[in-house]
Amino acid sequence: MQEYNLYLDSMFSETPGDEVLLELEECSDNYNNTFVRLKRYFENEINTFDSDKFGKILFKGLETVYNSGVYDIVEFGNRCYKLWSLLPAFLDHEQPFYVLCYADDPLSWGDEEQSRTLYRDAFSFYK
250 MQEYNLYLDS
260 MFSETPGDEV
270 LLELEECSDN
280 YNNTFVRLKR
290 YFENEINTFD
300 SDKFGKILFK
310 GLETVYNSGV
320 YDIVEFGNRC
330 YKLWSLLPAF
340 LDHEQPFYVL
350 CYADDPLSWG
360 DEEQSRTLYR
370 DAFSFYK
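Counting from 250, one number per residue, gives the positions in the sequence shown under my numbering.
Accuracy of the hints is not assured; some may be wrong.
Listed below are the simulated DSBU-like cross-link pairs for lysine-lysine, each with C-alpha atoms no more than 35 Å apart in a straight line [said to hold, decoys possible]:
1) Lys331 with Lys309
2) Lys302 with Lys288
3) Lys331 with Lys288
4) Lys376 with Lys288
5) Lys376 with Lys305
6) Lys376 with Lys331
7) Lys376 with Lys309
8) Lys376 with Lys302
9) Lys288 with Lys305
10) Lys309 with Lys288
11) Lys305 with Lys331
12) Lys302 with Lys331
Pairwise CB distance ranges, derived in the manner of DEER restraints [as the list claims (entries may be wrong)]:
13) Glu362 with Met260: 27 to 37 Å
14) Phe374 with Leu335: 11 to 21 Å
15) Leu255 with Ser373: 15 to 25 Å
16) Glu275 with Arg365: 32 to 42 Å
17) Glu361 with Thr264: 38 to 48 Å
18) Ser357 with Met260: 36 to 46 Å
In short, the hints are calculated from the structure, not lab data. Using N, Cα and C, we set each Cβ at its ideal position, and we do this for glycine too.
Work the whole structure out from these sequences, hints included.
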């Protein structure tokens with residue numbers, strides 16, 4: 250969360266008049282409120298939404314969390330699935346977003362390495 254807040258702060262300082270960033274700043278200490286705000290943004294402002302820009306930011310942030318070790322692979326997978334479930338319909342079946350739905354499936358048969366490979370591939374999608 251700290252990395253996200255620092256990045257959000259830098260974006261907001263570059264464009265202080267951006268109402269969406271202001272709202273994200275106001276709810277930045279609460280994941281659920283942030284996701285709800287983002288989903289509302291997706292649904293109401295789709296014409297101006299840049300999914301590539303969003304994907305780059307999202308997957309860079311997810312990679313930071315993944316590499317930090319703050320969550321084990323199971324908890325990381327659970328959180329990614331929850332995030333995926335909050336994505337708007339126009340994104341949820343597009344790659345790399347869709348991988349957030351199923352990358353933890355191999356854990357159910359004990360294949361942690363396959364899950365990690367799926368996540369790493371998603372992180373590198375925009376690189």
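Tested hints:
{"no.": "1", "hint": "Lys331 with Lys309", "result": "holds (18 Å)"}
{"no.": "2", "hint": "Lys302 with Lys288", "result": "holds (16 Å)"}
{"no.": "3", "hint": "Lys331 with Lys288", "result": "holds (13 Å)"}
{"no.": "4", "hint": "Lys376 with Lys288", "result": "holds (25 Å)"}
{"no.": "5", "hint": "Lys376 with Lys305", "result": "holds (8 Å)"}
{"no.": "6", "hint": "Lys376 with Lys331", "result": "holds (24 Å)"}
{"no.": "7", "hint": "Lys376 with Lys309", "result": "holds (9 Å)"}
{"no.": "8", "hint": "Lys376 with Lys302", "result": "holds (12 Å)"}
{"no.": "9", "hint": "Lys288 with Lys305", "result": "holds (17 Å)"}
{"no.": "10", "hint": "Lys309 with Lys288", "result": "holds (19 Å)"}
{"no.": "11", "hint": "Lys305 with Lys331", "result": "holds (19 Å)"}
{"no.": "12", "hint": "Lys302 with Lys331", "result": "holds (21 Å)"}
{"no.": "13", "hint": "Glu362 with Met260: 27 to 37 Å", "result": "holds (35 Å)"}
{"no.": "14", "hint": "Phe374 with Leu335: 11 to 21 Å", "result": "holds (19 Å)"}
{"no.": "15", "hint": "Leu255 with Ser373: 15 to 25 Å", "result": "holds (22 Å)"}
{"no.": "16", "hint": "Glu275 with Arg365: 32 to 42 Å", "result": "holds (35 Å)"}
{"no.": "17", "hint": "Glu361 with Thr264: 38 to 48 Å", "result": "holds (40 Å)"}
{"no.": "18", "hint": "Ser357 with Met260: 36 to 46 Å", "result": "holds (37 Å)"}
Checked against the numbered hints given earlier, the structure satisfies every one of them.
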